[in-house]
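*Asks:* So the chains spell out like this:
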Amino acid sequence: GIQVEQSPPDLILQEGANSTLRCNFSDSVNNLQWFHQNPWGQLINLFYIPSGTKQNGRLSATTVATERYSLLYISSSQTTDSGVYFCAVVRGSSASKIIFGSGTRLSIRP
Amino acid sequence: EPEVTQTPSHQVTQMGQEVILRCVPISNHLYFYWYRQILGQKVEFLVSFYNNEISEKSEIFDDQFSVERPDGSNFTLKIRSTKLEDSAMYFCASTGGGRTEAFFGQGTRLTVV
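As they're listed, the protein sequences go chains A and B. For the first sequence, my numbering assigns the number 110 to the last residue and increments by one with no breaks. For the second sequence, my numbering assigns the number 223 to the last residue and increments by one with no breaks.
No wet-lab data here; the hints were simulated from the structure. Being a predicted model, the structure only gives us computed values, none of them experimental. Do not take every clue at face value.
Taking beta-carbon pairs under 10 Å as the criterion, some of the chain B residues facing chain A (in silico) [said to hold, decoys possible]:
id, residue
1, 136
2, 140
3, 154
4, 165
Here a beta-carbon is modelled for each residue, glycine too, at the ideal position from N, C-alpha and C.
Pulled out of the complex, with its shape left as it was, chain A reads as follows:
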């Protein structure tokens, strides 16, 4: 099956810093999503980005489908950005399962 690898596994930053999280996937995909898992365990949908670039406030994401990777950028980090960021992909149609990477644990220090 398709492999999804995220890097780095852990990242500790000071408030105000910028960060880049990477997601590599081993095969072509029809969907790629980025999620933020908050301290309460909820999965917050950040981006639906099978290709191209999107921005939402301080967050932006880019997926280069032909090279099988996606990047999540967080600018001017805040302590509320802490948590685990997951990349997840779908290989086939709407009925296909979504496969998660192992996540990047981001800790923002005040």
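Starting from the structure of chain A, add chain B where the hints point.
*Replies:* What follows is chain B alone, placed relative to chain A:
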């Protein structure tokens, strides 16, 4: 904005007891899923459901698990005889409307004691 809702948010149960986790997917979605996340680990696929039957299931989804869509709105996951290792966060998700974007519920934290 439409959302997937799950109940309960937390459940504590004794080993060997049956539990039913409930989900209300987004109303015009046709594909439904359950995922599990053991504390500190990645989110794992359990089962997908379409047209009132299971379309795919993982190795985790053994005979102790079952899913059902008892009416037009609810989607349930039943664990017949819970084990300590079933303790996890369980997420329901749905897709549809011509897109593969998955919408997840807020999760049910199950603790088996």
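*Asks:* All hints, please: hold or fail.
*Replies:* Going through the hints against the structure:
At about 12 Å, the closest approach between the beta carbon of residue 136(B) and any beta carbon in chain A exceeds 10 Å, and the interface hint on this residue is violated. The interface hint given for residue 140(B) holds, since its Cβ lies 7 Å from the closest Cβ of chain A, which is under the 10 Å cut-off. Hint status for residue 154(B): holds, given a least beta-carbon distance of 8 Å to chain A, under 10 Å. The criterion of a C-beta within 10 Å of any C-beta in chain A is met by residue 165(B), whose closest approach is roughly 6 Å, and the hint holds.
The structure fails hint 1 only (numbered hints given earlier).
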